Structures are given as structure tokens and as C-alpha cells.
Amino acid sequence: MNFFEKAFGIVILLFISLNSSILIPNASSIETFNYNYLTKVSLPALAVTSSNTGVVTNLTVTVAYPGTGEVYFSADPATEIDTQSAARIAVLVATSILEIDYKKYDYFISIKSPSYIVGGPSAGAIMTIGIISALLNLTPNTNVAMTGMINPDGTIGPVGGIPEKLQAAAEAGYKIFLIPVGQEIVTEEKTVEQSTPFGTIIRYVPQQINVTELGEKLGVKVIEVSTIQQAMTYFFNNVTLQPGYFGFNLTFPPEVVQYFYNWKAQLEQIYNITMKQVTDLLKSGVYSSNLISYVNQYINTSTSLYSNAQILWSNKQYYSALSNIYQSDIILDGLYIILTTSTNQTNIFTYITQINQTYNSLLSEIKKVNITTITGMEGYIASLDRLNTANQSLNAAASSVVSYYNPSQMTYVYTLQDPFDLAIANMSVISARNWLSLSNVSSEPITSSTLYYVADYYTQYAKSVYTYYQSLANDVGVSTDLDLISNECNNALNYFYSGDYPAAIYYSIEVIATSTKDIHMIFDTDMLEYIIAEINNAANILNNSSYKSLISIAYLQQVQNLLSQYNQTKDSSYLTSAISLAVESSIYASLFSMLSGINMSNITIQTQPQTLSTTGSQTSSSTMSTTMIPNAYIILIIVIVIIVFVIAGAYALNKKKEKEPSSTQ
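What the sequence shown shows, in UniProt numbering, is residues 1 to 665, in sequence order.
Don't read these hints as lab results, they were simulated from the structure.
There's no promise every hint is true.
[What the hints assert, rightly or not] In silico lysine-lysine, PhoX-like type, Cα no more than 20 angstroms apart, as pairs: (1) K264 with K316; (2) K103 with K463; (3) K175 with K217; (4) K175 with K103; (5) K264 with K276; (6) K104 with K463; (7) K548 with K316.
Note that the coordinates shown come from a computational prediction; the quantities given were computed from them, not determined experimentally.
When you get a sec, could you build the whole thing from the sequences and use the hints?
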């Protein structure tokens, strides 16, 4: 075998060896990355160590294009699951604020700490800022640090260890420290040792700390923020907040107002008929004085709601007025059920059967609806929501029917524990039919492909939010609506995979809204501030959208009414109702802005990031430059070419030596 044959054999073996090394990962389903460019930014993430001291960890966010929406998270040392869940929520919130399709990128998030840190979601807000920085090619200010969990609606939730984190930020040289709103005053336990003749007694004494005053002593300005948008104004230059809620006019289109007039006439007719029925029954003389007194108290409440509705209507607060009449009708309907079932218990089953038939009839009708416009989608979602309420109330009423044996009558007696459940179910079906009628209002067309895209987005969002909420609820030992949210998440996925995209969108929204509301209820210390943040967010979206969501405007109007009642009474139950509606208003404003295809942020996204450098006492310089990722096969070809050139050179040298005369001794 000559030299050339040997060399050729070596090349073949190298080719097989190298090609096999590339094919093996594919056979093992090992994922390889092939991006056009990567962008990376580093920011400080404040944490608390296991010894209860503050530490500045290094957060690195890398955004890769093109991607599929994957989020990769790593931590050194390893951290808790809620930190990982927070990373995905941070991606969804950041891309939602910028109205970017999150599936066009992949996201790599890394946290490195010099010491073991206590796990938790407190890095969620700074992760969101990092992702926004990478996507928009904005240089973050290097003198700003922040702590706070990220909520699914873009608000910043409370965290622990703020004084310790502030101390660490000051030592690292940061001059501005952003904290969640409502956490200026924190309470921590101070260890006090007291010597006695019997030994040392250790006590833990609660101590209030004003972090603003502590920051002044440390040379750091402490600022409370409630939303990511607020935080952006401190991290990025030339970023300002848009005018808020109080600059937004909560008006409905004239065509929709005409529908409201029809609804009002219907609800008032129900009010008048049912009021007469109840008062006539009270005059029959067959009821006890205690029952009559009970009924009269509720009649007064119903009358008050009805009277207030007329005032609200005259002030063009149409939805709030309709809500008041609706509530007054529920009360009267409930009273009628109480009176009629107390004298004839078989009426219980008659009412349940009648309402159930009406419910099923409308549900069948809704399933046949062909959604072709955005207003039609609004009517469908609002109708489905009220049917969902009707179903829950109807089931609650049916399960609350109890029986006991009456020995004097030698028969079983049936009673309805909460007659108002039946009344809510009955009126919810009526409200559902009214909202469905809005499908006839003309508006922008909507395609099935758009519904698919939006459903896909929101079902993924719902899954992430549910996982995040589950981890947070488990941390604090609270599971307010966990079972309900789990069922709604399953419904969203089932409807999506069965091709019912409008229903998938509705149940996804329910998952996001209920989870977000619960997170606020569990963690937030300043509920009023977060309500204002929510309604400002909704109003800003509505201001920048060509299509103004009717549901969002309606709920904002009702929030305005609830806040007015809270200011008059200081009854916190009004805030509880307000936060729920404010969250839904914000989410629905975003949903229908997406459906109408309007960019609500008005921010131009650069497709090719430029160089971006960030420096800080605790952060490594971060660049956002274009980084090409070579293909594995290109590497293979380059290696083979080099080998061929080497062998060719060796071959030529060998031939040259063969031509030279050999010397003899």
C-alpha cells in the first residue's frame, strides 16, 4: 500500500469518525442550538443568604434569535422552584409589555451567587427588566438595583429581607434601590439576649424598620414602585409613563349604549314584577314575624341598590347602574324563592329544573355561535363567563338541598340552605343572554387563524401562571383557589386541543385573572396602590388601541364606583371586589388589543441588536452584540479541508524525496 492510499484511508476514517460524532446527538435527541445572534445583559439580583445577610448576585439574561419561546434557567448554587417559575413569568410579562411574540426568541437566565442564597421569587422583577433590556437594546443604568417578585399582570409584589438587601446594595455602590410599593416600613425580629442568674434568655422582639430612612444613612435613595413600567423609568433613560386612568374617558359607543338601554328596561321590569310578588306574599299572613322581618331587611337593601342605580345611570355610568339593578333583582328573586319554598317544598326542585333547562338551552346556543368580529368575541366571552357563574351557583344550590324526617308529619322535609344561589344562577343566565346579543354590533373582523394564535399564546401563559401561583401558594401554605384554577387550566388546554379556541381563550384568561387576584390578596400590603396600578395599566392599553374593549371599560367603570364606596365607608370588602375587576379589566384590555393587532407599547423593536455595555461594581460588563453560531457540519468541512491540505503537502514532500538520488556509505 503506497503513501497516497494510506493517506486516503486516514481521511475516510476521520470523516466517518467526525460524522458519527455529529450524528450521535441527533440519535439521542440531544438539542443543538443554531441562532443568528445572541444578546446578553448582566444586572444585580439582590438576595439573602442562609445566615440572613444580604448579597448581590449576578443575573445574566441572554436572548437568542430565532427561537421557539423556550426558557432555560440555571442557578449556582441551586435555588428553589419558584425562582425558576418566576423566570418564565418574567419572559411573558416583558414580551407582553413590549407586545413582542415571545416564541420568536429563546431565553437563557442565569443567577450566580458567591454564597448559598435563600430561594424565592424576589428576583422576578429584575429578571423582567433584564429581558426588556436585551430585547430593546437599552442600556440599564448601573447605579440602580431592585428587589421584588413579578406578578403575571406586570405589577411588582412584596418580598422579604429588604433591609439586608439594602445594606448589600449600599456596600456594592448602588445609589438607587427600588422596592415594592407598601414596603417602606418592614417588621423584622430582633434577637435580644438577657443575662439572668439562671442563665441567658434569648428573646425575639418585633422591630419596625423604615428602609427609606435606613437608605438615607447608607447613601442610597429608596423608591417604591408598583409596576415594571415604573421601574423602567429608573433603569432606562428617556422612558416615561403614559397618562394614567384619571385621564381616560370611560365611555361606550352609542350603538352599545342603546343595548344597555334595552337591558335596563328588562332588568327594571323584573324588579317591578318580583317586588310586587314578594310584597303580595308578605300580605298573605302565612309567614312568621321573624321571616317577615328578615325579608323586609333585604327589600330595603334591594330598594337602595335600585335607587342608586338611577343616579349612576343619570351620570352615564351605565355598567355600574346595570350592575346595581342586577344585584337588586337577585335579592328580590332570592326572597321570592325563600317565601315560595317555605310553604311548598316541591318548588325547590321545580326552580332547579327550570333554571337548569334555561341554562342548558343557552349553553347549546353559545356552542353554535360563529365568531367573526371582535365585538362578537367580547359578547361570547362575557356570556360564557356568566354561564360559568350560573353553573357554579346552580350546582351549589343543588348540593345545598337538605332533608330531615318530620315525625309529626311522618314525612321528609326538604329545605334549601342558600336560596340566593338559585337567584344568582337565574339572573346570570339572563345576563349571559344579554351579553351574547352584542355579537350583532359591527366591529373589526376576526379570523380563525388569529383566534388560534391568541389561544395558543394565552394557554401557554395560563400554564406558566398556574405553575407560578402553585409554587407561591405552597411556599406560604395557602391555596385559596388552587383547585378551581387547576380545573380552569385543564379546561383551557382541553378546549385548545379540541379546536375550540374562543373557549380556550376564556378559560386561560380565568386562570390568569384568578391567580393574579389571589397573589395580590395573599402578598400585597397596599391593596389600593395596586388597584390604581391595574386600572392605569388598563387605561393606557385602551388609550393606545383602536378597539376599546367593552368588558374592560365596563369593569373600570365598576371599579371607579367601588372605590367611591370604599372612600365613603372604608369597608375593605369594596377593595377586594375592586382588585378582582381591575385585574380582569387590565387583562381583557390587553387581550382585545392583541386581537385587533394594535401595538400598545408604540416601541420600535430593533431586529439586529447593537453593542450594549453595562458596568457596575457588582456586574460584569455586558454586551449585546451579534454573535454568529457556526453549524456543526461547517466545522466538519473545515477540519477535513485542513487534513487534506496537510496530507497533500506530505504526499508532495514524499514524492520529492523519491526523486532525489540515494547516497551510499
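How the hints compare with the structure:
no.	hint	in the structure
1	K264 with K316	holds (13 angstroms)
2	K103 with K463	holds (15 angstroms)
3	K175 with K217	holds (12 angstroms)
4	K175 with K103	violated (36 angstroms)
5	K264 with K276	holds (18 angstroms)
6	K104 with K463	holds (19 angstroms)
7	K548 with K316	holds (17 angstroms)
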